[in-house]
Every structure is written in structure tokens, then in C-alpha cells.
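Order-wise, the sequence lines are chains Y and C. For the first sequence, numbering that gives the first Met the number 0 begins at 0 and goes up steadily by one. For the second sequence, numbering that gives the first Met the number 0 begins at 0 and goes up steadily by one.
Among these hints, one or two may not hold up.
Stated by the list, open to error - Derived contacts from chain C toward chain Y, CB cut-off under 10 Å, selection only:
#: 1; residue: Val178
#: 2; residue: Gln200
#: 3; residue: Val205
#: 4; residue: Ala229
#: 5; residue: Gly258
#: 6; residue: Val291
What the hints assert, rightly or not - Which chain C residues stay away from chain Y? Per the calculated CB distances, all over 12 Å, these:
#: 7; residue: Met0
#: 8; residue: Glu22
#: 9; residue: Asp32
#: 10; residue: Asp54
#: 11; residue: Glu67
#: 12; residue: Arg71
#: 13; residue: Pro77
#: 14; residue: Gly99
#: 15; residue: Arg135
#: 16; residue: Ala144
#: 17; residue: Ala148
#: 18; residue: Glu305
#: 19; residue: Asp306
#: 20; residue: Gln330
Calculated directly from the structure, the hints in this document are not laboratory data. Since we're looking at a predicted model, the values are computed, not measured. Glycine is no exception: its CB is placed at the ideal position from the N, C-alpha and C atoms.
There are 2 protein chains.
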Amino acid sequence: MTRVHIVGAGLIGASLGIGLTAEGWDVTIDDLDPETARLARALGAGSELGQEQPDVIIVAAPPSAAPEVVARALTTWPDAVVTDVASVKSSIAKAAHETGQGHRYVGSHPMAGREISGSLAAQGDLFKARPWVICRNGATDDAVARVQAIAQALQADVVFMEAVAHDAAVARVSHAPQVAASAVAAALGTLHPDDIALAGQGLRDVTRIAASQPGMWADIARLNRHNIVATLDHIIGDLEDVREADDIGEAVTDLIERGRLEVARIPGKHGGAPRDWAGVTVIVPDKPGHLVRLLQDAAAVDVNVEDIGIEHSPRQSVGLTTLYVLPGSAQRLVDALESNNWEVVRS
Amino acid sequence: MTRVHIVGAGLIGASLGIGLTAEGWDVTIDDLDPETARLARALGAGSELGQEQPDVIIVAAPPSAAPEVVARALTTWPDAVVTDVASVKSSIAKAAHETGQGHRYVGSHPMAGREISGSLAAQGDLFKARPWVICRNGATDDAVARVQAIAQALQADVVFMEAVAHDAAVARVSHAPQVAASAVAAALGTLHPDDIALAGQGLRDVTRIAASQPGMWADIARLNRHNIVATLDHIIGDLEDVREADDIGEAVTDLIERGRLEVARIPGKHGGAPRDWAGVTVIVPDKPGHLVRLLQDAAAVDVNVEDIGIEHSPRQSVGLTTLYVLPGSAQRLVDALESNNWEVVRS
Numbered sequence: 000m001t002r003v004h005i006v007g008a009g010l011i012g013a014s015l016g017i018g019l020t021a022e023g024w025d026v027t028i029d030d031l032d033p034e035t036a037r038l039a040r041a042l043g044a045g046s047e048l049g050q051e052q053p054d055v056i057i058v059a060a061p062p063s064a065a066p067e068v069v070a071r072a073l074t075t076w077p078d079a080v081v082t083d084v085a086s087v088k089s090s091i092a093k094a095a096h097e098t099g100q101g102h103r104y105v106g107s108h109p110m111a112g113r114e115i116s117g118s119l120a121a122q123g124d125l126f127k128a129r130p131w132v133i134c135r136n137g138a139t140d141d142a143v144a145r146v147q148a149i150a151q152a153l154q155a156d157v158v159f160m161e162a163v164a165h166d167a168a169v170a171r172v173s174h175a176p177q178v179a180a181s182a183v184a185a186a187l188g189t190l191h192p193d194d195i196a197l198a199g200q201g202l203r204d205v206t207r208i209a210a211s212q213p214g215m216w217a218d219i220a221r222l223n224r225h226n227i228v229a230t231l232d233h234i235i236g237d238l239e240d241v242r243e244a245d246d247i248g249e250a251v252t253d254l255i256e257r258g259r260l261e262v263a264r265i266p267g268k269h270g271g272a273p274r275d276w277a278g279v280t281v282i283v284p285d286k287p288g289h290l291v292r293l294l295q296d297a298a299a300v301d302v303n304v305e306d307i308g309i310e311h312s313p314r315q316s317v318g319l320t321t322l323y324v325l326p327g328s329a330q331r332l333v334d335a336l337e338s339n340n341w342e343v344v345r346s
Numbered sequence: 000m001t002r003v004h005i006v007g008a009g010l011i012g013a014s015l016g017i018g019l020t021a022e023g024w025d026v027t028i029d030d031l032d033p034e035t036a037r038l039a040r041a042l043g044a045g046s047e048l049g050q051e052q053p054d055v056i057i058v059a060a061p062p063s064a065a066p067e068v069v070a071r072a073l074t075t076w077p078d079a080v081v082t083d084v085a086s087v088k089s090s091i092a093k094a095a096h097e098t099g100q101g102h103r104y105v106g107s108h109p110m111a112g113r114e115i116s117g118s119l120a121a122q123g124d125l126f127k128a129r130p131w132v133i134c135r136n137g138a139t140d141d142a143v144a145r146v147q148a149i150a151q152a153l154q155a156d157v158v159f160m161e162a163v164a165h166d167a168a169v170a171r172v173s174h175a176p177q178v179a180a181s182a183v184a185a186a187l188g189t190l191h192p193d194d195i196a197l198a199g200q201g202l203r204d205v206t207r208i209a210a211s212q213p214g215m216w217a218d219i220a221r222l223n224r225h226n227i228v229a230t231l232d233h234i235i236g237d238l239e240d241v242r243e244a245d246d247i248g249e250a251v252t253d254l255i256e257r258g259r260l261e262v263a264r265i266p267g268k269h270g271g272a273p274r275d276w277a278g279v280t281v282i283v284p285d286k287p288g289h290l291v292r293l294l295q296d297a298a299a300v301d302v303n304v305e306d307i308g309i310e311h312s313p314r315q316s317v318g319l320t321t322l323y324v325l326p327g328s329a330q331r332l333v334d335a336l337e338s339n340n341w342e343v344v345r346s
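Bound-form chain Y, shown alone:
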């Protein structure tokens, strides 16, 4: 039986404890704040550490503290495998290797729980079906296997990646997009409320993540500064090319074309590009039950709805609902919906 000790009893730490305990693992949990630790234990996230030596330490401290806490854990428990859960990995790997015990350190990045915080929000299934990146960084096979077993016990989707590649990738796919979305939102500051009413689904999509709490972004930005700055350089360069172009029309077209190539590479369902789906848009009254009927009519002809977009009209009691389906199913869906008297908008 692997004994797991969790250092840090916030949302992620407590959720790990609850999940592993539920799977029958032997879990202990602690926190710098004794009250937080007590609360997590009361929630079933594990017991108090006793005399027995843990086999695996999971450091679930804030990112800024993680390098030091990981290094300390490697020293405190000289036989244990140590992992952590921070969303930036290189600086922690560096701190681990500086202890001379890097072969016992495995980086983890469970990509879960964005809009939640605190142990009261913890839940054992937080990691289920979510990516969990494992960065080996020169750890032993046994160390990697022990951390992988934890991710698998929580039904996470394990992805192997080196720390340097991980940090460069999350800057491009997460950190810089967050900063850019916030900058697009901040630029709305000059507008009168009546004028913002022209906003459509496009702006709502672009700025959705700009509504997030700053939370750990300060820590993340500091730890991944190099990669974030490199990505911002790229984005700023493209925006400046548009701003300064002799022909802004040509510059915008060029940028849109380049962006389209990259968007097509973003994986959607099961690794396929989401853009491969066909959208079938229907005008629906904005009342309970209509969406159910719509989906029932889709299911009746055996069409699986891959995604749904709902656009409410600001002043009217109807909305536009788009069902995204495999292209081969689109015509069947349109026929079925029209024969059930839905107003289909072909797009």
C-alpha cells in the first residue's frame, strides 16, 4: 500500500486527498495553516501524518512556494518520491535537482479546477477526464510510475512532457491568451454602456476567460515570465504589423489566414479539430423545455450533439441555438428539425 502525504490543503490538495482516500489509498494531509489542515481532514482528505514514512509526497502549495517546499520535502523524506501540482514546471524541477535528489522528483500539472478555490470546494472527482501532465525531468522509472499511478487512480488523462516544453506550451495555450483576452476586455473601457450593447458572441467568446479571478496568475506570470514574454512579443509583433501596415486590409487578411492555420491545429474532441463539426442553427423561444425538445428531436434521428452554442437576443424572447454535429449528420438533423417545425437557419 502506497502511503501518500499531501503538503497543502487548498482546493487541489484537499481534492487529491478526498479522491485518493475514496480509492482506498493511505493518505495524510497537512498545511502551513493548522485550521486549513483540520478542515481538509474533516472533509475526508486524509489523516494527520504520524511516525510512518510516506512513499510519495504531493506538494500542493501555491506556485511561488512550490520550488522551496519541493526541495525541503526531498530533504525531509530521503526515501520518498516527491511531486507537485503547480502549473509551471521548470523552476521547480531546477530547485529539485539542486538538492542532488532530482531523480526522486517528478513534476505534475493536473489541469483542473480553474474557477474554484479553497478546500471547501474540494472534491475527489476534480481530476476525472482532465489532462494531468507528468514531467519526468530525469526521475527514475519507479518514481514516474508512482506518480502516474496516482493520476490514474483519479481517472485523469496522463500526458508526458518535458518541463521546458510544458512551460513553453502553457504560455502559448493558456498564460498569454489570458493576458490578451484581458487586454481586449480592458480596451472596452472607453465605451458607453449603450455602445457595448453591440457586442456579439464573438466578443463574449474572446473575453470569457477575462472574467476569471486573478487568483494565482501573479505567481504563474512570475514563474513563467520568460515564456510569457516571448509569446507576448509574438502577439505584439503581429498587432504592430497590422497597426503600421501601408495597407491594413492586406495585413489583417494575412494575420487572419495565419491564425486560421493554427486554430485548425487546436485539438477538440478526441484529438480531432472542433472546426470539423457542422453547425445547425435554430431559432428557439427562450423558455424552459424548448432546448430539451430540440435535443430530443436530434437524438430521435440518432445524431450526437458535440457542442451547443446559445446566443440570446438582448431584447427579445427568442434566441439562436446552434447544435454542432459531425458533418455527415448535419443534413439528417436539419431534415428532422424542419419536419418537427423548428425554424432552422442554414449557416
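Fit chain C to the supplied structure of chain Y, relying on the hints for placement.
What follows is chain C alone, placed relative to chain Y:
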């Protein structure tokens, strides 16, 4: 009976013709390309212009041609009201006023039909429940009333705004966000396909519009260059502040906080902020019918689902579905779903 003549038989022009004809209006339609005009007429978008003088001319030409075509229409039909449908309004108003006949010109911007083009895709209900901006710019009350009647006949959602304010607003809420989303997407170009796999819903949201066809963006960018550049200046300035900050953590936190204030002002349903909804996330098997059952269980306790977010796991056959509901309904929904054995993820 108002006689409407439409100049330009692409998606918007033909859709206007089909919609107004269906409402019993007397519509004629033409296009520079005789074949396009014939096709639109065959689709029911109107008849050929004869000897009778039209009362209202709708210029549905590409944005770059609109100023000239509007000016020519004001001269050709000295008693008619002239409107247009371009998504940039100031330069067209200027061209109209330079003819000395600006009191007969009313700017229109029906905000519909983003991903569609060509008259074959035309449909009369394209404008239903969509915003239709009317820019008066010194037109007579009668001229404004005639254009408003057209928008209302098509069940569009009329918004009055001056051309200058309109162009500044669409640069902030649409044109610059499109450019920024494309720049975020273009910055993914350095990543290996395996690394892009770390992309989550946040990146998919930010870059969704970056998948659009360049279409009329070159025209739009040229006509609204001044406002687009001013917005890009704002965005670039914020990104540079982050890039060059002594403490990038503080700079990112500041930008996120400023962005959050603006996102809260973006109207969602019926003018309310979408962020006021509570999200209830459920783990669902990725098979036809489950979404229907989920929504049925919501409808059974009379909870109206305002929006739906679906996140597929890249490698597993389950997904996370979030139902957005009024905060007062969230607990009722959670209780109902749990009593029906759904795996609810409290977030």
C-alpha cells in the same frame, strides 16, 4: 405600399429581398453581375426594376464599394430614401452628405450572417432577433421611419446610434477582438502538435473567431482603420506594460482586474451580464441521448438553462457539461440532478 429596390444580391441583399417579399413588400433587386441578380430573383428575392420609382434603396454592396454606390443611388433616385448594410458607417455617411442629399441617407448595420456568404445561403429570417443599428446622421424623420419599418418587418432588434459612435464601438467589440484573437492563434505556430494538446476550453473560446474566413475583413479594416488602430494601440499598450513590468505578477493582476470590470459590462441575455449565471457542471458519458436526459431533468424542476458549455476530454469517452442557470435555481438543479444519479461537480 413602399417600393424597395435592393442594389447588390449577395447574402445580405438576397436575404433582405426574400424576407421583405415574404412580408408582402414590393421588392426589386439588382446586382453588378447579371447572373447573381437572376439567381437572387429566382430565389424569390424580388423582381427586376421597371419604370416605377422605388421609395427606398438598400445598398447591399461590399463595404469598399458602398460609399460610391450610396452616393450614386442618391443622385439616380432623387426622391428615394437610401440606406446600406455595411458594417462601417462614417465613411458612407460622409459620401452621402457630400452629394448634398444627406437628409435622404440613413445608415444601417444589420448584425447578421457572419459565417455565411453568397445568395444561395440567403434566407428571409436572417435578421430575426439580431441587432440592426440605424445611424440617423441628419436624415429626416420620414427617412429614418422608412428604414426602421424595414428592420421591423424583418423582426430585427433596432438600435439607434450615430455613425461615429457606431464605428468606434464595433472596432472595440468586433474588429480589434478579431485581430487580437487571430494574433493569439498565430502565436501557436511555434508549438509541436503534441504540445498544443494542452489547450483547454479557454484557448478554444479566445480563438473561436480566429477560425473565420477573412471574407470582408480587408474592406472593414480599411474603412475603419482609424478606430481599429486606436483600439490596437490600447491593447498593445497593455501587453507592453506586462512585457516590460519590473514585477510581471503585479502587472498581470492589474490587467486582469481591469479586464474583469469591462467584461462585467458586456451584455448577455436581455441586457444582463452573462456572468450573473451560476454554472452547474456534470460528468456525462459522450453518447447520444445523455444531454437530453440531463436537460429533461433540469426542465422537470422548472429550471431554465441559459447557456451550456461542453468540454470533451481529448482521450476519454466522458465529457464535462456545464449548465448555466440563474443563481437562485442552481441548488434546485444540483439537488434534482444528484437525485437522478448525475455526477455533479460543484464549482
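Hint check:
This hint holds: C:Val178 has a C-beta 6 Å from the nearest C-beta of chain Y, less than the 10 Å allowed. A cut of 10 Å between beta carbons decides the hint on C:Gln200: the least distance to chain Y is about 8 Å, and the hint holds. About 5 Å separates the beta-carbon of C:Val205 from the nearest beta-carbon of chain Y, less than 10 Å, and the hint is met. Restraint check, C:Ala229 versus chain Y: the minimum CB separation of about 9 Å is within 10 Å; hint holds.
Annotation: interface hint on C:Gly258 holds; nearest CB of chain Y at approximately 3 Å, less than 10 Å. Hint on C:Val291 holds. Least Cβ distance to chain Y is approximately 4 Å, under the 10 Å limit. Residue-level check passed: C:Met0 sits 27 Å from the nearest beta carbon of chain Y, beyond 12 Å. Residue placement check: C:Glu22 keeps its beta carbon more than 12 Å from all beta carbons of chain Y (closest about 15 Å).
Once the 12 Å rule is applied to beta carbons, C:Asp32 is consistent with being away from chain Y; the minimum gap is 22 Å. The claim that C:Asp54 is not at the interface with chain Y holds, since no C-beta of that chain comes within 12 Å of its own (minimum 27 Å). Chain Y leaves C:Glu67 outside its interface by the beta-carbon criterion, the shortest separation being 17 Å against a cut-off of 12 Å. At roughly 23 Å from the closest C-beta of chain Y, the C-beta of C:Arg71 stays outside 12 Å, upholding its exclusion from the interface.
At roughly 33 Å, the least C-beta separation between C:Pro77 and chain Y is larger than 12 Å, which holds for a residue marked as non-interface. Distance check for C:Gly99 against chain Y: the nearest CB is about 30 Å away, which clears 12 Å, and the non-interface claim stands. Every C-beta of chain Y lies more than 12 Å from that of C:Arg135, the closest at about 14 Å, which supports listing it as non-interface. No beta-carbon of chain Y is positioned within 12 Å of the beta-carbon of C:Ala144; the least distance is around 20 Å.
Interface exclusion of C:Ala148 from chain Y stands, the closest Cβ pair being 18 Å apart, more than 12 Å. Not every C-beta of chain Y lies more than 12 Å from that of C:Glu305, the closest at about 7 Å, which undercuts listing it as non-interface. The Cβ of C:Asp306 sits about 5 Å from the closest Cβ of chain Y, inside the 12 Å cut-off, so the non-interface label is violated. For C:Gln330, the requirement that its beta carbon stay farther than 12 Å from each beta carbon of chain Y is met, with the minimum near 15 Å.
Violation of the numbered hints given earlier is confined to hints 18, 19; the remaining hints are satisfied by the structure.
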